[in-house]
Amino acid sequence: MSEADMHDLAAAYAVDAVDPDERAAFEAHLADCDRCRREVEELQDLALVLSDGLEVEPPAQLRASVLDLVATEARGPETAGAARDAAGGEAAATGSPADGDATATAEPHEDGAADVTSLDARRRHRAPTRGPGRWLAAAAAAVVLAGGVWGVSQALNPDPATQVIRADDASEHTADTEDGPVAVIVSAAEGRAVVQLPAEFASPRAGSVYQAWFVSADGTARSAGVLQPEMLEERTALLEGSPDDAVAVGFTVEPTGGSDQPTTEPFVVVPLA
Amino acid sequence: MGSATGAGSLTSDASHDDPGQARVVDVSPSGRPELIELIRAVAEGDQSALAQVYDQLAPRVFGLALRIVRDRALAEEVTQDVFLQIWRQASEVDPGRGSPVGWVMTLTHRRSVDRVRSEQAQSDRLHRYESENKTPPYDVTAEEAVERIEAGRVQQALDRIGEPHRTTLALAYFSGFTHREVAERMDIPLGTAKTRIRDGLRKLRTQLDGGEQG
Ligand SMILES: [Zn+2]
Chain V
0 MSEADMHDLA AAYAVDAVDP DERAAFEAHL ADCDRCRREV EELQDLALVL SDGLEVEPPA
60 QLRASVLDLV ATEARGPETA GAARDAAGGE AAATGSPADG DATATAEPHE DGAADVTSLD
120 ARRRHRAPTR GPGRWLAAAA AAVVLAGGVW GVSQALNPDP ATQVIRADDA SEHTADTEDG
180 PVAVIVSAAE GRAVVQLPAE FASPRAGSVY QAWFVSADGT ARSAGVLQPE MLEERTALLE
240 GSPDDAVAVG FTVEPTGGSD QPTTEPFVVV PLA
Chain D
0 MGSATGAGSL TSDASHDDPG QARVVDVSPS GRPELIELIR AVAEGDQSAL AQVYDQLAPR
60 VFGLALRIVR DRALAEEVTQ DVFLQIWRQA SEVDPGRGSP VGWVMTLTHR RSVDRVRSEQ
120 AQSDRLHRYE SENKTPPYDV TAEEAVERIE AGRVQQALDR IGEPHRTTLA LAYFSGFTHR
180 EVAERMDIPL GTAKTRIRDG LRKLRTQLDG GEQG
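Chains V and D are the protein sequences, given in the same order. Under numbering that gives the first Met the number 0, the first sequence has 260 at position 261, and the numbering climbs by one with no breaks. Under numbering that gives the first Met the number 0, the second sequence has 70 at position 71, and the numbering climbs by one with no breaks.
Hints in this document: simulated from the structure, not taken from any laboratory. In this text the structure is predicted, and so the values were computed from the model without any measurement. Heads up, the beta-carbon is just placed ideally off N, CA and C, and yes, glycines get one too. There could be a bad hint or two in this list.
Stated by the list, open to error - Taking CB as the label site, the calculated pair distances span:
id: 1; chain 1: V; residue 1: P159; chain 2: D; residue 2: I187; range: 32 to 38 Å
id: 2; chain 1: V; residue 1: D67; chain 2: D; residue 2: R71; range: 44 to 50 Å
id: 3; chain 1: D; residue 1: E36; chain 2: V; residue 2: A188; range: 25 to 31 Å
id: 4; chain 1: V; residue 1: E177; chain 2: D; residue 2: R201; range: 48 to 54 Å
id: 5; chain 1: V; residue 1: D217; chain 2: D; residue 2: L189; range: 53 to 59 Å
id: 6; chain 1: V; residue 1: S1; chain 2: D; residue 2: Q46; range: 46 to 52 Å
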């Protein structure tokens, strides 16, 4: 992007109307451009009026929840586990393996992938952090502050499924089922595919599972993994393996544990063409 | 349905190729003294100060978040995130910027937009048909988006800046669209969208300067 184009992004940046790449590029530019820094400050100050008059009283328990989390952080790592249990309790119950992976990936960035991880997953990983004093040292390493501008940039490190969904080359393919559309999102750049299920997708009968298959042009099927219960719950699953030359993704009902090859007719096939 | 680009290209590299510069500054007692004092105390690790900041700003934070994410549970998450961020980053508030309200609302806006976009990436592709209470913002037309912005000061401020700036700013600020998406939806060139966002914001000042509240 040219220097002039960069200057032009100031207004869009000021109201967060930029995509993540633009945000990162512009923040790098801000470090060296007083003119943009001043403009962003000016425009962000002006935008302040837009949130004036919108006040809504949050639910009362939110205050306690925020203060609990803060108290947990302030106590530091040694008591974090107990505090977490006291504050949340549901963390372990609702945190799926997918959440765990995502947050583990995001760990070095702390606040980074916050928008793609569940609150509970973040809470688990945030617990053993530092109070403001020690945060400063970490902030110096992890937080990019655009000089003089309120916006604190956030490192972006989404979980693999989100990376696929938001990849530049992501393409979406859908097929209808009785329960609504099943979507497969493919990114060749990422070499992965993600399936998204309708909200009311029926669970498989006891003793059986849904299994995904990459189907090649010659009709052969390659397992793309069993859809685990938590995937059905979250309605999003990163398929196993690369879509490569697959021309479709099929879904079958298989015995618990899955099969090497499909043993039933697919109940839905999503063409990738 | 077809291609699914445009909602933002989020790459894992984005986090690594911007070294940037961290800046840690002290808070000076300019701007609104009370809040600035509280933020300074928060920076020192004072939890009761954070509670007071919460009491002062939570309705505004929650209100803006709600307007953008349009879902109470999500707005609560955003609010919680924002106050955790205040707790962690209070030391970084820039003394040259007057009231920290600006800092807090900027955090709130960004967090809300990020949230609505990530939610979008999931939900938009999935349940387009579910539009009872929570219509994903990317599905709405420009007119609908603007109509959702109800009465109140903001509405008035937006109304007074006139079209096309009103719609442009509403789409960018409240619906979480990128300037690219705003341009697509309004069928205007990219450069025009950026210009209208800037001019729209500046018209807000004209309103404020000339308005009854001074
Ligand atoms: Zn510049």
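Cross-check of the supplied hints:
1. V:P159 with D:I187: 32 to 38 Å: The hint (32 to 38 Å, Cβ to Cβ) holds, given that V:P159 and D:I187 are roughly 36 Å apart.
2. V:D67 with D:R71: 44 to 50 Å: With Cβ atoms ~19 Å apart, the hint is violated.
3. D:E36 with V:A188: 25 to 31 Å: Distance hint for D:E36, V:A188 is violated at roughly 50 Å.
4. V:E177 with D:R201: 48 to 54 Å: 52 Å, holds
5. V:D217 with D:L189: 53 to 59 Å: At 44 Å between Cβs, range violated.
6. V:S1 with D:Q46: 46 to 52 Å: 48 Å, holds
In this structure, the hints that do not hold are numbers 2, 3 and 5, in rising order.
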